[in-house]
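S.K.: Based on the sequences and whatever the hints tell you, model everything.
Quick note, the sequences are listed as chains E and Z, same order. The first sequence runs contiguously to residue 256 in this note's numbering. The second sequence runs contiguously to residue 466 in this note's numbering.
If you're looking for bench data, these hints aren't it; they were derived computationally from the structure. Treat the hints with caution; some may be incorrect.
Selected chain Z positions facing chain E (in silico; Cβ < 7 Å) [unchecked claim]:
hint	residue
1	Ala282
2	Thr414
3	Ser420
4	Leu421
5	Phe425
6	Pro436
7	Ile438
8	Ile442
Calculated from the model, a selection of chain Z residues having no Cβ within reach of chain E, i.e. all distances over 12 Å [as the list claims (entries may be wrong)]:
hint	residue
9	Pro270
10	Thr278
11	Ile321
12	Ala339
13	Tyr458
14	Arg462
Note that the Cβ used here is the ideal one computed from N, Cα and C, for glycine as well.
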Amino acid sequence: MIGDVLQVLVLLAVVIGYFRLARRAENNLYLIFAALSTATLMISTVYYVTHSFLREGMRVPFAANDIADFGTFLLMSAALRSALGTGKGKLRGVMLGAAAFAVANVCLWICWSGEWVRDILGGLSFGYFICICIRSVYLTEAMERWERAVLWILCAVLIAVQVATLVTVDPLHLILDTVGYGLLSLGEVLLVLRIILSFRAGNNGDAALSLCYFAFCWNAIAMYMSAGVYYTVFANLMTLYALLVLFATWKKVKAA
Amino acid sequence: MIYSENILLCISIPLLLTAIYTRGAARRSVTAFLLGMVICLLSSYISGYVTLLTGMDLNDSAVYISPTAEEIMKLLPLLFYLAVFRPREMSLLTFAISLGAGFATFENCCYLLATGSESLTFTLVRGLAVGVMHIVCMLAMSLSLVMVRRHRAFSFSTVVGCLSLSVVFHALYNLLVSVPGIPAGIGYMLPLLLALLFYWPYRRLRETFG
Chain E
1 MIGDVLQVLV
11 LLAVVIGYFR
21 LARRAENNLY
31 LIFAALSTAT
41 LMISTVYYVT
51 HSFLREGMRV
61 PFAANDIADF
71 GTFLLMSAAL
81 RSALGTGKGK
91 LRGVMLGAAA
101 FAVANVCLWI
111 CWSGEWVRDI
121 LGGLSFGYFI
131 CICIRSVYLT
141 EAMERWERAV
151 LWILCAVLIA
161 VQVATLVTVD
171 PLHLILDTVG
181 YGLLSLGEVL
191 LVLRIILSFR
201 AGNNGDAALS
211 LCYFAFCWNA
221 IAMYMSAGVY
231 YTVFANLMTL
241 YALLVLFATW
251 KKVKAA
Chain Z
257 MIYSENILLC
267 ISIPLLLTAI
277 YTRGAARRSV
287 TAFLLGMVIC
297 LLSSYISGYV
307 TLLTGMDLND
317 SAVYISPTAE
327 EIMKLLPLLF
337 YLAVFRPREM
347 SLLTFAISLG
357 AGFATFENCC
367 YLLATGSESL
377 TFTLVRGLAV
387 GVMHIVCMLA
397 MSLSLVMVRR
407 HRAFSFSTVV
417 GCLSLSVVFH
427 ALYNLLVSVP
437 GIPAGIGYML
447 PLLLALLFYW
457 PYRRLRETFG
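M.R.: This is the structure we're talking about:
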């Protein structure tokens, strides 16, 4: 609960930060989209906290905060597309890989929750966000070739491990579950390190921005694949990534 | 038990006549107001149908189903107006606000007829909270649409993204007012606060586009 309240306060500061940047920048469309997406995430968190407080223990199949989360991903995709452009590179293979990863995620959600409608509708927006994030990482050349290869291997192994947890029983299930959390955390650490390197590189900010959005996306994947204390940790990490995205945007505005 | 269709007929006939005998911006506003009332009735049908399907009670339905159904239904005529008539920015904003006002007016009429209008405090709260909330949601949605169209970034994802913002705000309001006491008080104040907050971008847009 404290983490959620803190998240709301930080997200409010981030929204104000975007509006202040928008007054300074010439092309401010991506800043407005970024502000709208953060505002949606903030109100979604407020709704979640209020719901948990006023209607404790009540679970609804398709609540407004789910719609807001999906809207956040769509608005973030719009922000990323506006900031970096659509690009002219042919990335059909990459897009197919990203779509396959998104579909695998949605299938896993359905297996875990059994809520078809919510998972498919949410999966559409989340899948689109995954595709836009991966595309922007390629377009801005934010990662070296070998780093991208490591990332794809990590995604494939992660999906394989998560599928294996569905068909195994303890103690193998417990081991695979721990390996899954290890892989998710490894991805987070690698991305944060890459973001730090990108910030220190001193380029125009596009690479850092695409990496920050991708890290946000990876954290969302980790959050949806987790339960219990791990879920809380990944949910609270959203605050950090929202701040990193603002910092990368500030860098881009400054460079422009 | 009230007959919403009869109330709609009674209110809409003079408005329809007004729309016939007026021109330009006045006609657009009256038509949007009328459309808002029709949309209110249609969204209550949809909410009622989904409530029956899911087996929720009225309170839960107001919190979980109505915000989504109402906001989607309000967006549809706005999108139609935007796509077919290609209005100017201020015209779109006026249309959206009139639509929201029509929706809120009809909802308030039905609510007061069903529950009674003896208490002045309750009537004022109803007018200042629900009435303002629908207008604020429409204002937010139309401001987003104006901005998206101005930057040539109009797409399905941006429209749905903007819609989700108004859905979650509406749902938060309904959730807060469903619990009497302090939560309801906070809920009643939310739309007014947001209306004050939106006045600045609205004024700026009005200065820019006249």
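S.K.: May I ask which of the numbered hints given earlier this structure violates, with the numbers listed in increasing order?
M.R.: 1, 6, 7, 8 and 11
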